[in-house]
Amino acid sequence: MPTIRSDLRLLTAFNILEAKPKVGYTYNDSQAKPLSYHKLYAEPIANILQKPTEIREDATLTEAVNTLFIEDVGSLYVIGDRQELVGLISRKDLLRATLNNTNASLTLASTVMTRMPNIFTVTPDMSVLQTGQLLLDRKVDSLPVVDKDQPTKVVGKITKNRIFQHFITSVD
Numbered sequence: 001m002p003t004i005r006s007d008l009r010l011l012t013a014f015n016i017l018e019a020k021p022k023v024g025y026t027y028n029d030s031q032a033k034p035l036s037y038h039k040l041y042a043e044p045i046a047n048i049l050q051k052p053t054e055i056r057e058d059a060t061l062t063e064a065v066n067t068l069f070i071e072d073v074g075s076l077y078v079i080g081d082r083q084e085l086v087g088l089i090s091r092k093d094l095l096r097a098t099l100n101n102t103n104a105s106l107t108l109a110s111t112v113m114t115r116m117p118n119i120f121t122v123t124p125d126m127s128v129l130q131t132g133q134l135l136l137d138r139k140v141d142s143l144p145v146v147d148k149d150q151p152t153k154v155v156g157k158i159t160k161n162r163i164f165q166h167f168i169t170s171v172d
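In terms of UniProt numbering, the numbers along the sequence shown are unbroken and rise by one, the last being 172.
Everything labelled a hint here was simulated from the structure, so no lab data went into it.
A few of these clues could be false.
Below, computed lysine to aspartate or glutamate pairings styled on EDC-like, alpha-carbon distance capped at 16 Å [unchecked claim]:
1. 92 - 141
2. 51 - 29
3. 148 - 72
4. 160 - 137
5. 153 - 81
6. 148 - 125
7. 51 - 147
8. 51 - 81
9. 153 - 57
10. 153 - 54
11. 153 - 71
12. 160 - 147
13. 39 - 141
14. 92 - 72
15. 153 - 125
Here are the computed distance ranges between Cβ atoms for each label pair [said to hold, decoys possible]:
16. 37 - 153: 31 to 41 Å
17. 37 - 120: 23 to 33 Å
18. 24 - 106: 22 to 32 Å
19. 82 - 28: 17 to 27 Å
20. 10 - 106: 45 to 55 Å
Heads up, the beta-carbon is just placed ideally off N, CA and C, and yes, glycines get one too.
Between the sequences and the hints, there should be enough to build the whole structure, so can you do that?
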């Protein structure tokens, strides 16, 4: 459930409100610099995508958990022998698979992954707005960004947090 704190943070970032110690939040009636929302939303995600975190198809659950926490990410892309995207493993998948599993070091991570073609992907030319809407509609935190001509070749990832960060830094 959303909290008012994130709303206040957003309004402060867009310079609509000012946060003052011992006073609180006040309306900022000074002239803020104009922001082109159209440009902000229409920008292709190629400009803001992040490096994907990948594991091999033959990696164990233990290796997947270690990679997930070392890289501090929410999902891992499973890559096959031909460097193609074959699946995706989320934190929830790993938690479900390793809970009470004494054979995690022997179980292949590929047994718990979501397999292609059941993974929603985006291409680098898609707009920030389109991608953000897809993240919300599909109720996921991130999506693999794949090459437009090779739909199983991962070129990056895009997350809700990255889009939010893009909006905030574009205001400054």
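Right, here's what the structure says about each hint:
| no. | hint | verdict |
| --- | --- | --- |
| 1 | 92 - 141 | holds (12 Å) |
| 2 | 51 - 29 | violated (40 Å) |
| 3 | 148 - 72 | violated (27 Å) |
| 4 | 160 - 137 | holds (12 Å) |
| 5 | 153 - 81 | holds (12 Å) |
| 6 | 148 - 125 | holds (8 Å) |
| 7 | 51 - 147 | holds (14 Å) |
| 8 | 51 - 81 | violated (20 Å) |
| 9 | 153 - 57 | holds (15 Å) |
| 10 | 153 - 54 | holds (12 Å) |
| 11 | 153 - 71 | violated (21 Å) |
| 12 | 160 - 147 | violated (20 Å) |
| 13 | 39 - 141 | violated (23 Å) |
| 14 | 92 - 72 | holds (14 Å) |
| 15 | 153 - 125 | holds (15 Å) |
| 16 | 37 - 153: 31 to 41 Å | holds (32 Å) |
| 17 | 37 - 120: 23 to 33 Å | holds (25 Å) |
| 18 | 24 - 106: 22 to 32 Å | violated (56 Å) |
| 19 | 82 - 28: 17 to 27 Å | violated (54 Å) |
| 20 | 10 - 106: 45 to 55 Å | holds (46 Å) |
Hints 2, 3, 8, 11, 12, 13, 18 and 19 from the earlier list are contradicted by this structure; the remaining hints agree with it.
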